[in-house]
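Listed below, chain by chain, are the residues.
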Amino acid sequence: MKLVTAIIKPFKLDEVKEALETYGITGMTVSEVSGYGRQRGHSEVYRGAEYTVDFVPKIRLEAVVEDLDAASVVDVIVKTAQTGRIGDGKVWVVPIDDIVRVRTGERGEGAI
Amino acid sequence: MKLVTAIIKPFKLDEVKEALETYGITGMTVSEVSGYGRQRGHSEVYRGAEYTVDFVPKIRLEAVVEDLDAASVVDVIVKTAQTGRIGDGKVWVVPIDDIVRVRTGERGEGAI
Amino acid sequence: MKLVTAIIKPFKLDEVKEALETYGITGMTVSEVSGYGRQRGHSEVYRGAEYTVDFVPKIRLEAVVEDLDAASVVDVIVKTAQTGRIGDGKVWVVPIDDIVRVRTGERGEGAI
Ligand SMILES: Nc1ncnc2c1ncn2[C@@H]1O[C@H](COP(=O)(O)OP(=O)(O)OP(=O)(O)O)[C@@H](O)[C@H]1O
Ligand SMILES: Nc1ncnc2c1ncn2[C@@H]1O[C@H](COP(=O)(O)OP(=O)(O)OP(=O)(O)O)[C@@H](O)[C@H]1O
Ligand SMILES: Nc1ncnc2c1ncn2[C@@H]1O[C@H](COP(=O)(O)OP(=O)(O)OP(=O)(O)O)[C@@H](O)[C@H]1O
Ligand SMILES: [Mg+2]
Ligand SMILES: [Mg+2]
Ligand SMILES: [Mg+2]
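Residue numbers (UniProt numbering), protein chains in the order written: chain A, 1 to 112; chain B, 1 to 112; chain C, 1 to 112.
Careful, some of the hints might be misleading.
[Claimed, not checked] Once the Cα atoms are required to be at most 27 angstroms apart in a straight line, the calculated DSSO-like pairs of lysine-lysine come out as:
| # | chain 1 | residue 1 | chain 2 | residue 2 |
| --- | --- | --- | --- | --- |
| 1 | B | K79 | B | K9 |
| 2 | A | K79 | A | K17 |
| 3 | C | K17 | A | K9 |
| 4 | A | K17 | B | K17 |
| 5 | B | K17 | C | K17 |
| 6 | B | K79 | B | K17 |
| 7 | A | K9 | A | K79 |
Just so you know, these hints were derived from the structure itself, not from any lab.
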């Protein structure tokens, strides 16, 4: 199994969530984060200020998925979260050893 | 070493923390997240509303543990966080390369 | 590629960010978390209270980096976040399969 983590623009969350549901993803976890990429946040936000802009609010989305779904899930997120402007985000994939559903104690792919 | 990540119901945090301490876990990191599983949050919260309920508040707990402790730590979390109702949570395990204690620079299992 | 995750004292974030930029790190993601280590938070905060102090506010910093940079990035964080007092933090390293830049669809090291 894989843990897919995506950092996306906050206004894209609903669209990404719906695209993942359409694909068949049954669960996800999200949180509010801040960050920046190669432009260090410059020109991602406009406040008419002269001080250095750096951390920009983003959404962090995590989904544990089956191995066979990982590449498609990444594609769905990238396609849906893309606006073509800087700061659109990053998606990375981490291998996981195991997952458990707390209510039932089920393990492995059946627990996703 | 392993990174155990658990998504649990917020009211279960104190109990899970105490159970992990009793087991011998010496450190953890928690944050506020939102999420949903197979029911997409339906009937996990009741607001008398007709709109689609989806993201439900959860706690994300992370603990880096020794390889030999990982299975027991997962068991302790699952047993303690379990209410038997939907939305009880997920626990997953990721292999890590290394950990460092910032104050001392110690590395590996001694740094946990 | 590697995902370096650091839990540091909040007042150290600016300094760590600058040190990572000086090293050449081009992106990172941060969030607010709480946690404790071996002292269970005792004497990390002082509120003149008799109740048990446990979760202390920390910053969680994530940076995906090239394999060759991982050890140096950990060193830069440890050196910069270190005060010598308890609660300075932890840094751990997780191997990742892949990363994608959402705007362009680039993958792998070029997408960092
Ligand atoms: N190397 C990284 N490690 C961890 N998080 C990162 C990294 N790079 C970017 N991020 C996160 O992703 C968010 C979006 O990054 P961003 O899309 O600006 O990347 P970029 O490489 O600068 O691409 P672009 O040129 O399209 O802006 C950042 O705000 C940050 O939260
Ligand atoms: N595949 C997943 N990836 C990442 N996070 C998940 C995933 N599935 C669930 N979660 C997280 O775990 C929380 C609890 O999920 P939940 O317990 O409802 O899972 P479930 O499979 O629907 O089990 P149950 O049938 O017992 O409700 C969600 O709110 C979400 O934050
Ligand atoms: N095993 C662990 N797993 C996950 N997070 C941890 C772990 N240990 C510590 N942390 C996180 O790191 C933060 C700082 O930990 P801390 O520096 O107190 O570790 P320590 O081992 O007690 O070292 P010190 O003796 O220098 O205080 C904690 O508040 C917590 O968020
Ligand atoms: Mg950018
Ligand atoms: Mg559910
Ligand atoms: Mg400590």
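Structure-based check of all given hints:
| no. | hint | in the structure |
| --- | --- | --- |
| 1 | B:K79 - B:K9 | holds (13 angstroms) |
| 2 | A:K79 - A:K17 | holds (12 angstroms) |
| 3 | C:K17 - A:K9 | holds (21 angstroms) |
| 4 | A:K17 - B:K17 | violated (31 angstroms) |
| 5 | B:K17 - C:K17 | violated (31 angstroms) |
| 6 | B:K79 - B:K17 | holds (12 angstroms) |
| 7 | A:K9 - A:K79 | holds (13 angstroms) |
Taken one by one, the earlier hints fail for this structure at numbers 4 and 5, listed in ascending order.
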